[in-house]
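S.K.: From just these sequences and the hints, can you work out the full model?
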Amino acid sequence: MKKLAIFIVGPAGSGKTTLTASLSDFLKANDVPVETINLDPAAEKIPYLPDLDVREYVFAPKIMHAHRLGPNGAIVVATDLMVEHLPKLIERISLDEGLILIDTPGQMEVFVFRKSGEAIYQQFRDADIHILTIFVVDTILASSPSLFVSSLFLSASTYYRYLTPFI
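Counting in my numbering, the sequence shown runs from 2 upward without gaps.
To be clear, the hints were calculated from the coordinates, so they are not data collected in a lab. Just so we're clear, the structure is a prediction, and the values are computed from it rather than from any experiment. Wrong hints could be hidden among the right ones.
Claimed, not checked - FRET-style restraints, in silico, Cβ to Cβ:
no., residue 1, residue 2, range
1, P88, I141, 35 to 43 Å
2, K29, D127, 24 to 32 Å
3, Y58, P34, 21 to 29 Å
4, K89, P34, 18 to 26 Å
5, L153, L70, 27 to 35 Å
6, P166, R69, 40 to 48 Å
7, F149, P34, 32 to 40 Å
What the hints assert, rightly or not - Below, in silico cross-link-like pairs of lysine-lysine (PhoX-like), each with a Cα-Cα straight-line distance of 25 Å or less:
no., residue 1, residue 2
8, K46, K29
9, K89, K116
10, K29, K4
11, K89, K3
12, K3, K29
13, K63, K116
14, K63, K46
15, K89, K46
16, K63, K89
17, K89, K4
Beta carbons: idealized from backbone N, C-alpha and C, even for Gly.
M.R.: Right under this line is the structure:
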């Protein structure tokens, strides 16, 4: 079994971080080799201890203060800067085989619709790591037909952006 990176993507508040924590706990309890990577540069608290954490290199609140940006601008800059530091994170992946759970930024549009998101996926491909994307739908966005269809469009946009196996 080769390494498989599972990118967990979805709207802010949809449960990406909670899914990352729960899935990691489940896999470890069942002796499946797994590492977690936090790619959310704005996360202040997360309910798991990531094996690798982009906040070691870029932290949105620091960028916001240093560059006098608002929260959204800081996340955009942090995500763009993340691309420069990602090779260092990828080199530190200790698994020879197994699963790598990747918790992505809360503002999915920054990750999905900017060039930096594409560059992040490409760096994993270049490291010969297979990729799967899980799109998490917020239960609120599934509470009515129109909101659910909107979620499906976001999901389809994400799929066609990266063209990876997709759940």
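S.K.: For each hint, tell me whether it holds in the structure or not.
M.R.: Consistency of the hints with the structure:
no.	hint	verdict
1	P88 with I141: 35 to 43 Å	37 Å, holds
2	K29 with D127: 24 to 32 Å	28 Å, holds
3	Y58 with P34: 21 to 29 Å	25 Å, holds
4	K89 with P34: 18 to 26 Å	21 Å, holds
5	L153 with L70: 27 to 35 Å	32 Å, holds
6	P166 with R69: 40 to 48 Å	41 Å, holds
7	F149 with P34: 32 to 40 Å	35 Å, holds
8	K46 with K29	21 Å, holds
9	K89 with K116	19 Å, holds
10	K29 with K4	16 Å, holds
11	K89 with K3	20 Å, holds
12	K3 with K29	17 Å, holds
13	K63 with K116	22 Å, holds
14	K63 with K46	15 Å, holds
15	K89 with K46	23 Å, holds
16	K63 with K89	20 Å, holds
17	K89 with K4	17 Å, holds
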